[in-house]
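> Here is what each chain is made of, one letter per residue.
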Amino acid sequence: MHVPLAVCALITFFPFWAMLAISVQPGRGIELPGSLLPRDISFAAFSDALGSDRIYRWAINSTVYALVSVVLVLLFASMAGYAFAKKRFLGKEFIFWLFVAMLMVPAHLTLIPLFILISEMGGLNTMWGLIVPTLANAQAMFLMRQFIQDIPDELIEAARIDGAGEFRLYWSIILPQTKPIMATLGTFVFLWHWNDFLWPLVSQRDPSNYVLTVGLNTLQTQETELATIMAAAVVTFIPTVLVFIGLQRFFVRGVMMSGLK
Amino acid sequence: MRSGTTTRRRGSRWWRSRAALAGYLFILPYVIFFLAFRIIPAAMGLLLSLADYSLAGKVSVVGLANFERLFGDSLFWNALKVTAYYTVLTIPLSVAVSLAMATLCDRTLRGMSIYRAIFFLPVVTSTVMSSIIWVWILRNDGPLNWLLGLVGLPSVNWLASETMVIPALAVVSAWKGFGYNMLILLAGMMAIPSEYYEAAQVDGAGWRRRYFHITLPLLRPALFFVLVLEIITSFQVFDTIYVMTGGGPVRASYSLTYMIYDQGFGYFDFGYASAAGVVLLVITLAASLLQRRLMNKGQAA
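Chains as they are written, first to last, in the working numbering: chain Z, 1 to 261; chain W, 1 to 301.
Check the hints yourself; a few may be wrong.
[Unchecked claim] Partner residues are not named here, just some residues of chain Z that face chain W (Cβ under 7 Å, in silico):
| id | residue |
| --- | --- |
| 1 | 12 |
| 2 | 21 |
| 3 | 76 |
| 4 | 136 |
| 5 | 139 |
| 6 | 218 |
| 7 | 247 |
Calculated directly from the structure, the hints in this document are not laboratory data.
Glycine residues also receive a C-beta, built at the ideal position from the N, C-alpha and C atoms.
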């Protein structure tokens, strides 16, 4: 049974292999199949890519965008998820289903209004303008609520009897219990932001504010040396692979759970 | 038996209790961002479709004029056709590949987690990055044509061919997304109790009968889920087209989403683009409603 699986794995992995192979053979014209089996490996394309100010900047932008967003999304989603899971207040059901209903709205419809809105707020070409529209993540909040619902009420009651205030309840009791879902969700949200293209494309006009995905696309037309383009692609690829390998089991579990629900 | 906070006193006005206040405060940041950056833009999108908004900022309400223009615009109908063609190709391909791969992975084997990881890798990587590599692969002098040449088939300039560009994009999308659907189907397969298979084996049923009479029928909910997911994502394809073909050649890959982007940020005709966006919304809603209807019918059966 290994044979068909291995063949499929090779086919699936081939594009990544091609990217890696080309990136370590700068200055060499494309010959097949020679180009796919690198002989003299050189990392010149990488030093070109990372030495280039703009690619370096793009990597920084992507990192800030992804990391800041993850922290804020998780914070807001867990706070809201906790409230929807454990608290009673007027209008709770209505507000919650309104959020879920908005999942139906395609991003392309809200794209132009968001652009106009952020533009009016002076947020175009700023990092905050990039981050802020992505913070109200309905799926994240939904998952948080599902998870927190399963936290036993007795735990909360016990802490409340001990005199814990509302915020303390959230911070010291609920949050530590959410570590597993935080890992899964954090991974998804990080990768979603790291790979995001459309909103960064539209909201950041200044090339020094590009994120890696947008910058990579402009390299396609501007850069003639294929190895450099591929090297920049590898730079986009590496963090993805690292995050993925490190947190793979959370991913797989998360996806399989979403199908069962 | 309700979960949630217990009220201190029966009959206390719970919506004024401290716990309820805390509830409002905790959802406040989320609600603010959601209102500001999802609900209001969605409403704006609907309103914009009824207006003419030039970049100079002058807004004038024009009622349904944008839609009239849209439905008389051959570019729009072409965009719908392109999107439909792409969807019709991508969905069977993607679902078939995911199902095949899930079947292949539904067994205990050493190193299975490594295989699954490789199959899932395209899903987690950036669409832009993958698309750039695929542009190279599909080049006239690229590895795909080289491979075809090896077995005596003619080369095709995939991304420059008006007829082959959409099939090529469908293949790229299938490669990109099959891992995700595969995992969902795999979860469905793993949920099937092994007693069913054992009983069938005792009855003398071979591999094929077990697959078609036990696995597939019990997989229907998961398959439905995957199907609808694919429909919705196919209609919203953008990144791949933008990076690989720019809507070409000669608008052969000018999808509805690409039209929205092009009209909005290429021609700065925000009202017109929003009208196209509303059409996309209606299509998406229709697909979701259809799914719900079919799912309920399936469950009642």
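> Does each hint hold? Answer for all of them.
Verification of the hints:
At about 6 Å, the closest approach between the beta carbon of residue 12 of chain Z and any beta carbon in chain W falls short of 7 Å, and the interface hint on this residue holds. Contact between residue 21 of chain Z and chain W, as hinted, is not supported at the beta carbon level, the nearest pair being about 11 Å apart and thus beyond 7 Å. Restraint check, residue 76 of chain Z versus chain W: the minimum CB separation of about 5 Å is within 7 Å; hint holds. The interface hint given for residue 136 of chain Z holds, since its Cβ lies 4 Å from the closest Cβ of chain W, which is under the 7 Å cut-off.
The interface hint given for residue 139 of chain Z is violated, since its Cβ lies 12 Å from the closest Cβ of chain W, which is over the 7 Å cut-off. This hint is violated: residue 218 of chain Z has a C-beta 10 Å from the nearest C-beta of chain W, more than the 7 Å allowed. For residue 247 of chain Z, the suggested interface contact is broken, since its CB lies about 10 Å from the closest CB of chain W, more than 7 Å.
In summary, the numbered hints that this structure violates are 2, 5, 6 and 7.
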